[in-house]
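Asks: Now for the letters of each chain:
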Amino acid sequence: MAHDEQKIARAIQLARDNIQRGIIREPRVYFDEVAMPTSITQIAYVDTDVFRNGEEYPVRIHAITAGIITDNADDNSVDERQIQRIGMRIMAHDHYYMQREFTPLPLWQTKCVAAAPALSFGQSAWQLHAPFVYSSRDSMDIRAQINSTPDVSRDVTFAMTGIGMDSMRPYFKADTVTFTEADAPSPFDPENLRNDGDEPIIITDVTVHCGADAGSNNPQGNIRQCDISIRQVGNGTQAVWMNGAAGTDDLCPAILLGLTTGRALVHEFPGEGLLWEPGEGLRIEFQPLNAAAADATIIIGIGIIGTIEVR
Amino acid sequence: MDEELQSGVIYEPRVLWDVARQANVSVLSPGTNQIKFSKYNLRNGGQYPIELRQMLIAPVGYTFAEYDGQHDPPTLSTGDYGACAAVLQKSSIMISVPNRQHYALEPLQISTWLQEPTADVSMRYSVSDPGASGLHGVNRWTFDEDRCLILPRNAACTFQLGPLLQQPDTNQNGVALASLAFYEDGVGHGGSRDFMRNSRARMVGPLQLHTDANTASYPFQAADGLGASAQGDTGVEWPGDTQLTFQDYKHQEVARDGYNKVAGFSVAINQINFDDQILGSALANASTGRMAPVSLRLPCRARCDAMSQEWWWRDGAPLALVCPTLTPALVYRLPEPITLHKGDHLEVEMQSPGGRTFGQNNVFSIYQMGIGFAGYAAIRG
Chain G
0 MAHDEQKIAR AIQLARDNIQ RGIIREPRVY FDEVAMPTSI TQIAYVDTDV
50 FRNGEEYPVR IHAITAGIIT DNADDNSVDE RQIQRIGMRI MAHDHYYMQR
100 EFTPLPLWQT KCVAAAPALS FGQSAWQLHA PFVYSSRDSM DIRAQINSTP
150 DVSRDVTFAM TGIGMDSMRP YFKADTVTFT EADAPSPFDP ENLRNDGDEP
200 IIITDVTVHC GADAGSNNPQ GNIRQCDISI RQVGNGTQAV WMNGAAGTDD
250 LCPAILLGLT TGRALVHEFP GEGLLWEPGE GLRIEFQPLN AAAADATIII
300 GIGIIGTIEV R
Chain D
0 MDEELQSGVI YEPRVLWDVA RQANVSVLSP GTNQIKFSKY NLRNGGQYPI
50 ELRQMLIAPV GYTFAEYDGQ HDPPTLSTGD YGACAAVLQK SSIMISVPNR
100 QHYALEPLQI STWLQEPTAD VSMRYSVSDP GASGLHGVNR WTFDEDRCLI
150 LPRNAACTFQ LGPLLQQPDT NQNGVALASL AFYEDGVGHG GSRDFMRNSR
200 ARMVGPLQLH TDANTASYPF QAADGLGASA QGDTGVEWPG DTQLTFQDYK
250 HQEVARDGYN KVAGFSVAIN QINFDDQILG SALANASTGR MAPVSLRLPC
300 RARCDAMSQE WWWRDGAPLA LVCPTLTPAL VYRLPEPITL HKGDHLEVEM
350 QSPGGRTFGQ NNVFSIYQMG IGFAGYAAIR G
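Taken in sequence, the protein lines are chains G and D. Counting in numbering that gives the first Met the number 0, the first sequence runs from 0 upward without gaps. Counting in numbering that gives the first Met the number 0, the second sequence runs from 0 upward without gaps.
Misleading hints may appear alongside valid ones.
Straight-line C-alpha distance at most 16 Å; calculated EDC-like pairs for lysine to aspartate or glutamate [unchecked claim]:
no., chain 1, residue 1, chain 2, residue 2
1, G, K6, G, D204
2, D, K249, G, E100
3, D, K260, D, D143
4, D, K260, D, D304
5, G, K172, G, D188
6, G, K110, D, D143
7, G, K110, D, E115
8, D, K249, D, D304
9, G, K110, G, E267
Hint data in this document are derived by calculation from the structure and do not stem from the laboratory. Values in this document were obtained by computation on a predicted structure and should not be read as measured data.
Please construct the entire structure, taking both the sequences and the accompanying hints into account.
Replies: Next up, the structure:
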């Protein structure tokens, strides 16, 4: 308990310091969706314009996340274990990170993110690497979509938790949207997410849950079905946290946000992570490691998670 | 790193491990059977002191993680024994270093210890098999920051996997694959030089099957009576195809001008086809069972060719027992590290219920639990 109190006090102190020094820290997610080539001799790669710091302030990169996404109504249509049969390599400034050969994705995993089996299928939880300040009257502009039309409907819930900067009381903001059709982005109600109090909140955690089809007997949700876009309105940079390729409308596969618990494979960069100066970026390549993974219906979601620091 | 070198002490990973087996025991009340792990296997037989920091516990040698998959919760009177978890949840343990340190004077229930998060993401469903073992199948040991392995120039590490404990009914040759990697830390601290990190990796050949799991040459035995067939393909203890050799390590050398800091290793087991084949086999209720990770019955060993040159653990440790960062085993960080000097040993006792017949498969269970103590040998010289 004492440890938690220390963490809370430190987060608040950091936020106060940042405000006094005029520093804004805000999460950033760079993501892409890559279909596997149909031959084991071919390579697929991300859009390098996406995996680049296109803003004018440095971004601290903390982690890479990956997961097999699905856009079929059948939750099991693409076997997510295929991730074990895909190799990945990462390059920047003409250097390979870790290994120049394609290394099976599981070998990149550095962190345990397993949640309880009952929740693991539907949830992505992210304890932010750097909390952000959610000022009075601030709200969130959240949009989400599901990837296939459900038999009845699917509920998607966005939630975030934080600590009052003055009172140190906990805050919990959440909203749920019910989806009945695919690829139809819908906003969450900003009123339910608004900071109606008179003190700033230090937001420390973000959670996304994609529920089961209401017409299904299986109550387990499927986070692989959901895309989400997040933007803070009020304080902060006003920019959308997510940065995706053309056509994605910055709607990021929600599985990629499972840095704390979820279904994503998480590679955390050692130490304080990488520092991306403006214009810096990297290239990520994939190769199917056996014939079973050389299948264009296997689409891998890949995300780079960071924090921008605006002075 | 320079400070560590100047101190004159460098560290190598170590694991002391043993597997306790309680066979041919009739139905008894919980807590009446006492097993002592071998103190010879939990002894520091090397020439350097070992500081043990973590404890790993896992049921070893089971084909399924749950045998009674049809009923949840189990409906039969013996149903709660249908899960291998019963080995852990109905067992207690006591650890002591004679005349020096006691973790408890009486056995403590294993499930009440504070566990570290290390599990693979669960797979309760998939396209073809509802009971697959896990999503990523990875095992990893990230060394503690202050105990990384500092490797001299031109030195290398090896990691070797043994043949797999044989499987029931059908020949499963060649269907479980493995990949191995060591990771080296860079020299930067948050800047772009942190990108200059390196790994030495190899996708090794398909895991081979041991010809007879009950021979003395195999480091532990099958626990569930399902390993009766003799369809294995090798009697070799350390097949050449399932190793990351010193040569593999050196061939991936990058330009370096001094010492290297090895931060850990990973072993990924791709058992997708393996799971599918067993779950699709004629084994009773296989389609509703839940596969156990292969790492719970795959022997391994590792060492480097510099410093002590000793194997990091006694030959043949189940892989899951030597990977305290990501593993299907339960992992506990010891509140106070245990230091074993040359010749010191641990005394570990376990109390558990006796063997039972698993409900749906009519397989006689043998309570077989593995224990590992992970830490670091301190080498001065």
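Asks: Taking the earlier hints as the rules, which of them does this structure contradict?
Replies: No numbers; nothing is violated.
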